[in-house]
Amino acid sequence: EDQVTQSPEALRLQEGESSSLNCSYTVSGLRGLFWYRQDPGKGPEFLFTLYSAGEEKEKERLKATLTKKESFLHITAPKPEDSATYLCAVQTPGSARQLTFGSGTQLTVLP
Amino acid sequence: DAEITQSPRHKITETGRQVTLACHQTWNHNNMFWYRQDLGHGLRLIHYSYGVHDTNKGEVSDGYSVSRSNTEDLPLTLESAASSQTSVYFCASSEETVNTEAFFGQGTRLTVV
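Here the protein sequences line up with chains X and L, keeping their order. All residue numbers for the first sequence refer to my numbering, where the first residue is 1 and numbers rise by one. All residue numbers for the second sequence refer to my numbering, where the first residue is 1001 and numbers rise by one.
This is chain X alone, in the form it adopts within the complex:
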């Protein structure tokens, strides 16, 4: 059974204080690892897809990296508007086009 674990569950940062969110996965093969951002009362919004170990992708203050067992979402010099819940999800050969999600990390950036 595919498992996705995110840590920490919640993270509070001061504005400008860089940090990383972790997504570890146990799957039988990986087609892709996806990062989403979710604001309160809204649906998840797609950020990145990573396909193979060593791959990195960046968008503004966010950088996602992937190893064979985990992915990190690095947040550099965060701003209050980066406050949200960040979700990661995996797609595997066994799950075809479905996504299996972790429980998310709730990030709060204080001004």
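Where hints are given, some of them may not hold.
No farther apart than 20 Å at their CA atoms in a straight line, the calculated lysine to any residue pairs in the SDA-like style are these [unchecked claim]:
{"id": "1", "chain 1": "X", "residue 1": "42", "chain 2": "X", "residue 2": "81"}
{"id": "2", "chain 1": "X", "residue 1": "42", "chain 2": "L", "residue 2": "1109"}
{"id": "3", "chain 1": "L", "residue 1": "1057", "chain 2": "X", "residue 2": "92"}
{"id": "4", "chain 1": "X", "residue 1": "42", "chain 2": "L", "residue 2": "1012"}
{"id": "5", "chain 1": "X", "residue 1": "59", "chain 2": "L", "residue 2": "1100"}
{"id": "6", "chain 1": "X", "residue 1": "42", "chain 2": "L", "residue 2": "1038"}
{"id": "7", "chain 1": "X", "residue 1": "57", "chain 2": "X", "residue 2": "68"}
{"id": "8", "chain 1": "X", "residue 1": "42", "chain 2": "L", "residue 2": "1007"}
{"id": "9", "chain 1": "X", "residue 1": "42", "chain 2": "L", "residue 2": "1005"}
{"id": "10", "chain 1": "X", "residue 1": "42", "chain 2": "L", "residue 2": "1011"}
{"id": "11", "chain 1": "X", "residue 1": "42", "chain 2": "L", "residue 2": "1088"}
{"id": "12", "chain 1": "X", "residue 1": "59", "chain 2": "L", "residue 2": "1103"}
{"id": "13", "chain 1": "X", "residue 1": "42", "chain 2": "L", "residue 2": "1003"}
Since the hints were made in silico from the structure, they are not lab data.
Using the hints provided, position chain L relative to the given structure of chain X.
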């Protein structure tokens, strides 16, 4: 712009009633999914469809059904609502090929009293 919309945004219903949540997408995607989101559980897959007349059960399908009569719509029906089905429901769609991201609707908050 293409989009995916859910209705209603909020719904309160009584135990035992049948409830249908609507999902409509204009992406022309073949894949459509229904998830529920609960505190501590993240998003869990209820049902999914890979095309017209195709439906499949997900991880938490008991008490739910879907039907796909066209590309744009995948309504989710709760046959006899239970308090355990109080949750936030999200519909999503994606392109036919694998390795593509899913796009989500804004969600429906359902309360069963």
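Evaluated hints:
{"no.": "1", "hint": "X:42 with X:81", "result": "holds, 15 Å"}
{"no.": "2", "hint": "X:42 with L:1109", "result": "holds, 11 Å"}
{"no.": "3", "hint": "L:1057 with X:92", "result": "holds, 17 Å"}
{"no.": "4", "hint": "X:42 with L:1012", "result": "holds, 19 Å"}
{"no.": "5", "hint": "X:59 with L:1100", "result": "holds, 18 Å"}
{"no.": "6", "hint": "X:42 with L:1038", "result": "holds, 14 Å"}
{"no.": "7", "hint": "X:57 with X:68", "result": "holds, 16 Å"}
{"no.": "8", "hint": "X:42 with L:1007", "result": "holds, 13 Å"}
{"no.": "9", "hint": "X:42 with L:1005", "result": "holds, 12 Å"}
{"no.": "10", "hint": "X:42 with L:1011", "result": "holds, 16 Å"}
{"no.": "11", "hint": "X:42 with L:1088", "result": "holds, 10 Å"}
{"no.": "12", "hint": "X:59 with L:1103", "result": "holds, 18 Å"}
{"no.": "13", "hint": "X:42 with L:1003", "result": "holds, 14 Å"}
Hint violations for this structure: none, all hints satisfied.
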